[in-house]
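A.B. asks: Chain by chain, the residues run as shown.
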Amino acid sequence: MRIAIVAAEIGPWAKVGGLADVIGALPRALANRGAETCVIAPAYPALTAALKPNQLGDFRSVEMGGANESYRVLGANTPAGIPLFLIDHPEMFGRAGIYGENGREYGDNVRRFIFFGRAAAAVAADLARPDLIHAHDWHAAAAVLAMRAERAIRDRMKSTLAVFTIHNLAFQGIFESHDFPLLGLDWSWYSVEVLEFWGRVNLMKGAIVLADGVSTVSPTYAWEIAHDPELGFGLDGVLRAKGDRLTGILNGADYDEWDPARDRLIPKPYSPRRRANKKYCLDVLRDDLRLPHPANPQPYR
Amino acid sequence: MIGMVTRMTPQKGVDILAEALDTLMALDIQLVMLASGDPALEKIFQQAQERYPDRMRLITGFDNSLAHRIMAASNMFLMPSRFEPCGLTQMYALRYGAAPIVRATGGLRDTVSEFNPRTRTGNGFLFSEYEPTALSGAVARAVEIFRHPAKWQVLVGNCFRSDYSWDRAAGQYLQWFERLREERTAV
Numbered sequence: 000m001r002i003a004i005v006a007a008e009i010g011p012w013a014k015v016g017g018l019a020d021v022i023g024a025l026p027r028a029l030a031n032r033g034a035e036t037c038v039i040a041p042a043y044p045a046l047t048a049a050l051k052p053n054q055l056g057d058f059r060s061v062e063m064g065g066a067n068e069s070y071r072v073l074g075a076n077t078p079a080g081i082p083l084f085l086i087d088h089p090e091m092f093g094r095a096g097i098y099g100e101n102g103r104e105y106g107d108n109v110r111r112f113i114f115f116g117r118a119a120a121a122v123a124a125d126l127a128r129p130d131l132i133h134a135h136d137w138h139a140a141a142a143v144l145a146m147r148a149e150r151a152i153r154d155r156m157k158s159t160l161a162v163f164t165i166h167n168l169a170f171q172g173i174f175e176s177h178d179f180p181l182l183g184l185d186w187s188w189y190s191v192e193v194l195e196f197w198g199r200v201n202l203m204k205g206a207i208v209l210a211d212g213v214s215t216v217s218p219t220y221a222w223e224i225a226h227d228p229e230l231g232f233g234l235d236g237v238l239r240a241k242g243d244r245l246t247g248i249l250n251g252a253d254y255d256e257w258d259p260a261r262d263r264l265i266p267k268p269y270s271p272r273r274r275a276n277k278k279y280c281l282d283v284l285r286d287d288l289r290l291p292h293p294a295n296p297q298p299y300r
Numbered sequence: 000m001i002g003m004v005t006r007m008t009p010q011k012g013v014d015i016l017a018e019a020l021d022t023l024m025a026l027d028i029q030l031v032m033l034a035s036g037d038p039a040l041e042k043i044f045q046q047a048q049e050r051y052p053d054r055m056r057l058i059t060g061f062d063n064s065l066a067h068r069i070m071a072a073s074n075m076f077l078m079p080s081r082f083e084p085c086g087l088t089q090m091y092a093l094r095y096g097a098a099p100i101v102r103a104t105g106g107l108r109d110t111v112s113e114f115n116p117r118t119r120t121g122n123g124f125l126f127s128e129y130e131p132t133a134l135s136g137a138v139a140r141a142v143e144i145f146r147h148p149a150k151w152q153v154l155v156g157n158c159f160r161s162d163y164s165w166d167r168a169a170g171q172y173l174q175w176f177e178r179l180r181e182e183r184t185a186v
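The listed protein sequences correspond, in order, to chains R and Z.
What the first sequence shows, in numbering that gives the first Met the number 0, is residues 0 to 300, in sequence order.
What the second sequence shows, in numbering that gives the first Met the number 0, is residues 0 to 186, in sequence order.
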């Protein structure tokens, strides 16, 4: 299966939170299991400096509410051999931060990430040609919308699966309806069934509705966000309506960094077969923190 | 030794931990916290450290090396979160043989199961109600098992065997993708 992952972060080069760790690790894990996997991400300066990409094809453009946003596509491979398609629009992504700087969000994030999602869908349709698009969080939600609703793209993506994964439900990409034309969609999509949300536009809601499958990062959390209004952030009803098309898949742990048998940051390595060194680690930490060594028996002897 | 590596915010359950602290300290444990965030919450634990100088340490600020050393030293690892979409630190704790004591929410509930010494199954301890007494009850169960080294070693073995690798996650994603593909072509 050919999979195109669409996300605003990719570790270790463009990282704000846990999303970057996922996008850093998941493509390689999918590829190791035989899936042909690529990643579509914005061309941040940190990425282009590290990976030295080449331009793919001519300049392209996305029409956004009357303005033509033109961009290039850059191609590169990660050291692990995963192909990257980078959306190069310097005015939007050639900045020091991903979502903001100095503790302040950029004021045009809605415009930036609508552009990114739409450009990503077009790049998938023309260049990556995947069987499935796997979009992550609200910054990639417009890719799902374009696949299913944008006239110039949807016919070519009919047989491509759209999958949306929620990492952080607290951020949904909500904006005023006068900016709806940025999406390049017919106004009929601004309905309570799809994109309308309390008089505003909600990108994550639209992606949840239009995706073939929606996932979040654990099975229990998937149930909780669909049934507990406090955790559903207003989308519990929409999520509940997905039925068995809403699933939960746990993220993986980074066992390269976190493995007591290979960990160079701990006093002595240990493993299931050589557990005694764990007691040594405990003794050292107690000394470091000036905590007393209790007299009661310790199982690690 | 109970370890915690967390953010000092109510989401992480440190508010009920603060309320449960005196009960916990009666259980003959040591608690090491690496956490920073809400100054008011930090202050509560700083004051507790003065009350229990031999029993607890709060280290504020980010210190990756210390996070690793706490994992390696801890017998138990506490995560009383109010909610936790996935959570990764409990997976690290399992790998380091530190039995997780967690609230049964989100990814914590999916990675940790209650240890049963009779059936020798389970890799940690859970509580459901977001209440200080539920938290201290789970810690008390863990401490009780800890007093029996043979049982404890069975539990630690179960922790070591818990696999939450990216390979496992990728396999689940691919299975799900295939199911979606079949459903779509069936339409």
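Note that these hints are calculated values from the structure, not bench results.
For clarity, every value in this text was computed on a predicted model and none was experimentally measured.
For every residue, glycine included, the Cβ atom is placed at its ideal position computed from N, Cα and C.
You may find that some hints are simply not true.
[As the list claims (entries may be wrong)] Pairwise CB distance ranges (calculated):
#: 1; chain 1: R; residue 1: 51; chain 2: Z; residue 2: 167; range: 48 to 54 Å
#: 2; chain 1: Z; residue 1: 174; chain 2: R; residue 2: 191; range: 30 to 36 Å
#: 3; chain 1: R; residue 1: 31; chain 2: Z; residue 2: 146; range: 54 to 60 Å
#: 4; chain 1: R; residue 1: 51; chain 2: Z; residue 2: 139; range: 19 to 25 Å
#: 5; chain 1: R; residue 1: 125; chain 2: Z; residue 2: 164; range: 30 to 36 Å
#: 6; chain 1: Z; residue 1: 167; chain 2: R; residue 2: 226; range: 21 to 27 Å
#: 7; chain 1: R; residue 1: 228; chain 2: Z; residue 2: 184; range: 34 to 40 Å
#: 8; chain 1: R; residue 1: 33; chain 2: Z; residue 2: 9; range: 39 to 45 Å
#: 9; chain 1: R; residue 1: 44; chain 2: Z; residue 2: 22; range: 50 to 56 Å
#: 10; chain 1: R; residue 1: 79; chain 2: Z; residue 2: 174; range: 21 to 27 Å
A.B. asks: Look at the Cβ atoms of residue 44(R) and residue 22(Z) and judge whether their distance stays inside 50 to 56 Å.
C.D. replies: Taking Cβ atoms as reference, residue 44(R) and residue 22(Z) lie about 52 Å apart, which means the hint holds.
A.B. asks: For the range 19 to 25 Å, tell me whether the beta carbons of residue 51(R) and residue 139(Z) fit it or not.
C.D. replies: 57 Å, violated
A.B. asks: That 34 to 40 Å hint for residue 228(R) and residue 184(Z) (C-beta), does it hold up?
C.D. replies: With Cβ atoms ~36 Å apart, the hint holds.
A.B. asks: Just tell me: holds or violated, for the beta carbon distance of residue 79(R) and residue 174(Z) against 21 to 27 Å?
C.D. replies: 22 Å, holds
A.B. asks: 54 to 60 Å was suggested as the range; check whether the CB atoms of residue 31(R) and residue 146(Z) agree with it.
C.D. replies: 43 Å, violated
A.B. asks: Is 48 to 54 Å right for how far apart the beta carbons of residue 51(R) and residue 167(Z) are?
C.D. replies: 33 Å, violated
A.B. asks: Return holds or violated for the Cβ distance of residue 174(Z) and residue 191(R) against the range 30 to 36 Å.
C.D. replies: 34 Å, holds
A.B. asks: Given a hint of 30 to 36 Å, does the C-beta separation of residue 125(R) and residue 164(Z) actually sit inside it?
C.D. replies: 35 Å, holds
A.B. asks: Falls inside 39 to 45 Å, the C-beta gap from residue 33(R) to residue 9(Z)?
C.D. replies: For residue 33(R) and residue 9(Z) the Cβ distance comes to about 43 Å; the hint holds.
A.B. asks: Quick check: does the Cβ-Cβ distance between residue 167(Z) and residue 226(R) fall within 21 to 27 Å?
C.D. replies: 26 Å, holds
Checked against the numbered hints above, the structure violates hints 1, 3 and 4; every other hint is satisfied.
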